[in-house]
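Protein sequences appear in the order of chains A and B.
Residues in the first sequence are numbered consecutively from 726, following my numbering.
Residues in the second sequence are numbered consecutively from -5, following my numbering.
One thing to keep in mind: the hints can contain errors.
[As the list claims (entries may be wrong)] What follows is a set of in silico ranges between Cβ atoms, one per label pair, in the way DEER data are often shown: (1) Arg4(B) to Ala839(A): 30 to 40 Å; (2) Arg59(B) to Ala936(A): 52 to 62 Å; (3) Ala936(A) to Glu28(B): 45 to 55 Å; (4) Arg906(A) to Met120(B): 53 to 63 Å; (5) Glu818(A) to Thr113(B): 28 to 38 Å; (6) Ala762(A) to Met(-5)(B): 18 to 28 Å; (7) Gly106(B) to Pro840(A): 23 to 33 Å; (8) Arg828(A) to Gly106(B): 35 to 45 Å; (9) Glu846(A) to Ala123(B): 49 to 59 Å; (10) Ser115(B) to Arg906(A): 45 to 55 Å; (11) Ala116(B) to Ala936(A): 51 to 61 Å; (12) Met(-5)(B) to Ser766(A): 51 to 61 Å; (13) Ser766(A) to Met120(B): 34 to 44 Å; (14) Leu94(B) to Glu818(A): 25 to 35 Å.
Keep in mind the hints are simulated off the structure, nothing from the lab.
Note that the Cβ used here is the ideal one computed from N, Cα and C, for glycine as well.
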Amino acid sequence: MYAVIVGGGKVGANLGRALLRMGHEVSIVEARPQRYATLESEFEHMARHGDGTEIFVLDAAGMARADVCIAVTGDDEDNIIIGQVARDHFGVENVVARVNDPRNQQHFDLLGVAPTVCATESILSLIEHEGAPALAGAPVLAEAREPGGHRDPGGGGQPGRGHPGGRPPDAPGTLVISVLRNRVGRVAAPDTVLGAGDQVVVIAEPGQDSALMELFASE
Amino acid sequence: MFVVVVGCGRVGARVARDLAEDGHDVNVIDQNAEALQRLGSDFPGEFVQGVALETTVLEAAGIKRADAFVAATNGDNTNLVIAQLARDRYLVDCVIVRVLDPARAKFYEEKGLVTVCPTRSAIDRMSQALRAFATGDEEQAA
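Bound conformation, chain A alone:
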């Protein structure tokens, strides 16, 4: 399968790594020169520099033969346009787009860009389903250590024994998606600092769970 990923931030780069490991062919399009340079050192020719909303850039990235287009830039209007151009100009059958601001979900729906993934909404649905069997086998739900013990998020998720606080762990093969603090969910950013009592949603590759748990359990 050939996947063109537009937007080479944390989400795009990790998707690229994961797809490559699964044996797929990947291109990652990134507009920011510095970020591109970082990607190029890891992904070499698979990283491409350019504005992924420009048709000629997508053309050069081989969008016409892509099996899937993954629009994961930090701008919702860009992701919508990328999705429309991939589908209607290049005839890509599978388009997946990231919704950064959940208030823009309705625009993706109206303009036919689907399916979409929104971290905020995903977290909220996890919270709503807390305690439900749906959580079993879902992303690892860990909780930062609270003085005097941690609260079990329950429901078959894998609660961590507590993270001492500070920056989220930067473990290979794992990605901190979001942080829930005082019932408010936020997308994890590079400068996110964890505090006691925070709940985090982390995607971990198979086999990375235990390493991640150790990080969160560090005393």
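Here the structure of chain A is known, so what remains is to put chain B in place on it, guided by the hints.
Showing chain B alone in chain A's frame:
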């Protein structure tokens, strides 16, 4: 008629002023409050500060009762998205969108949007002027 103009730069502000001078009702949206100055102190319409991707902002500017909608921010993709919202969500009869990139302008023109592409216009005018010069040159030489 009632017009909502998004983007109060050189283009949007001037279009808004021209239409208001013709006696039409015009409201303007821009995310930068200082852009209001481009409209002049005698501009009769309303100015709404905000991000046009937010429906609350579009609705505060009266998009629900708009006869025409102009998308003229400095972002092609923003313009293309809000123009489609105006057409498909708010069912505005006349939607005009400025797109600087000729390729995207052509693609969305084919999808039924009325696009204005200043870059395309500049290319055409320049080529036209140069061809006219080249033709005159050849005629002189002949």
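### Hints violated by the structure (numbers, ascending)
Hints 6 and 8 contradicted; others consistent.
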